[in-house]
Every structure is written in structure tokens, then in C-alpha cells.
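When the letters of the sequence shown are read in order and numbered with the working numbering, they come out as residues 1237 to 1531.
Just so you know, the hints here were simulated from the structure itself, not pulled from any lab data. There may be inaccurate statements among the hints.
In silico EDC-like links for lysine to aspartate or glutamate, alpha-carbon gap of 16 Å or less [to be verified]: (1) LYS1442 - GLU1403; (2) LYS1442 - GLU1465; (3) LYS1376 - GLU1403.
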Amino acid sequence: MKILIVENEIYLAQSIASRLNDLGYICDSAATIKEALRDEHYDAVLLSTNISGQNFYPIIEKHKSSIIILMISYISNDTVSKPIKAGASDYIQKPFMIEELIRKLQHLKEFNALQLENQAYKSYVNHLFENLDNPNLDLKTPLPLLIKTDFQKNADALAFSYSKIKEEPFTFISLSNQNAIEQIAKTPESELIYIVNLQAVKKSDKNKIFNFIENKRAIISSTDSNEEEVINTIHLTQEHKMFDDSDILSIDDYVKYIVLNFQSKFPDTELSKKLGISRKSLWERRKKYGIEKKK
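Turn these sequences into a full structure, and let the hints guide you.
Structure, rendered in C-alpha cells:
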């Protein structure tokens, strides 16, 4: 981890750098704001807020993508509140123990990594569901709730949408896992849970599951159209059949899926070639399936 120490008390800066160097960190020091604005990237910046007569906000702006820990002598709006609002990450009050500084550095490093990871997952989830047109689950819908669907991704999209609107994460449980029922039983009643693969469970275990979720905030999904509706149930159907993990589509369903999802990306000549049919046959299939050509 590469760290810039911005501190006009030279002895203090050297002392901090020496301790951090001993622990494997790479440190540079700057005694002035001008020195700190060097064109170099740092993973973290330790910024003293009492460099007299110098405006330290350009450093926050310059290194806003890095971890910025304010080194302060006292707590005030000028030393803490305003700099953090401007983009600083945290503060530590002088004098401080080096162990506390390292704890903050590691915590902020892990926090930033989790934020990036979380954003990546959110973007991927949005990508997965971007072509689905499902209604949002009414927040007044009583839980527990069974979603019966012919396409698992529809149920997933609804559960994620509900979680987003509620601004509350859920615990995900797949009934294909050996300890799933035990996990359901141990989940607190106040916790939102999303359970999938009910269709793969034998009837005796289904009874246990429904007993366990009777008083829980649970959403459970099944792709079995004959699933017994022992709790509040909604039905989701996919107007245009799409692939699911366990699906083997008929030739007609496959062609219909390809035309619906790729006709806006490929011209008819290329689309018919990929399907191994003539343009005339492609036109006839559109007419048969009632699909309008997208422009």
C-alpha cells in the first residue's frame, strides 16, 4: 500500500513513515500543499489539517479516489465535517497509536473493495433482468409469498425488485443445498429471505418448509405449475418463452426466442443465415408467431 503523508511537522511525518515502512507500507512525505499535489497516485493520503496558512482542499480533490485520513489536533467543522463532506474518508486525532491508524487504513481499504464488488454485482443483476417486463411486487403484499413461474428468472427479478424498493437486502437460500431447511429454521423472523428450487423438494420436506416460514418474511419460488398453494401465491408467466437452466426448447420455441431477442441486432439476411433458414422462411415464421419486425 502506497501512502502519502502530508504533515509540516517533519519529525512527526518521519516517525509515522518509519513505523509504516517497518510494517511493509511504502511512504512518501510532503511538508507543503504544493508538494502534496505531485502527479503521482497513492492508495492512501494521511492529511494534516493544521498546516498553517495553507488550503488543503486541493489535496482532497486531487486524491479523491484514494483513502484520505485527516490527522487532526481537535474536532470541529473545519477540521472534520467540512473536509469529509468534500471527500475525505475518515479522521484520527493526534496523538494517536500507529495500530489505530493501521486499523482505519485496513478497514477503509476493505470497505472500498466491498463497495466496488457490490456495484459490480448490482450492475450484473440489472443486466440479467433488463429484458424482463415484470410488475413490481406490491409492498403491501403479505409475506410469506409463493411465486409460481414458468421461468425462474422472472421470480428472481421480482425478488430483487422488492428488495430494492424496500431498501433491504435479503438472505438467499437454495433448496438444492443440503442444509437449506436448517438455514431457513435459523433465520430470524424479521429477516427478509428469498428461497428458490421448491420444485426440487419432496413433499414431506415442503411441509416442513412451509411450517418454518409461516411467520417469516419469506419469498419462495417454484417452477412447478402444479405446486400446492398453501400460502399467499402469485403467478408469473413469460409471454415469450426464454431459456432456463433446465429447459430444452422445441425448434419452434427456439426460433421464436432468437427472432424476438435478436431481430433488432442483426439484419434479416444474417439472422436467417444464423438460424439456417431462408429469408422467406424467416418472414413466414414471424407471421406464424405474430411477431412484428422491429425497426
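Tested hints:
Restraint check for LYS1442 and GLU1403: the C-alpha separation of about 29 Å exceeds 16 Å, so the hint is violated. Of the pairs offered as hints, the one joining LYS1442 and GLU1465 holds, with about 11 Å between alpha carbons and a cut-off of 16 Å not exceeded. A distance of roughly 15 Å separates the Cα atoms of LYS1376 and GLU1403; the hinted pair therefore holds under the 16 Å criterion.
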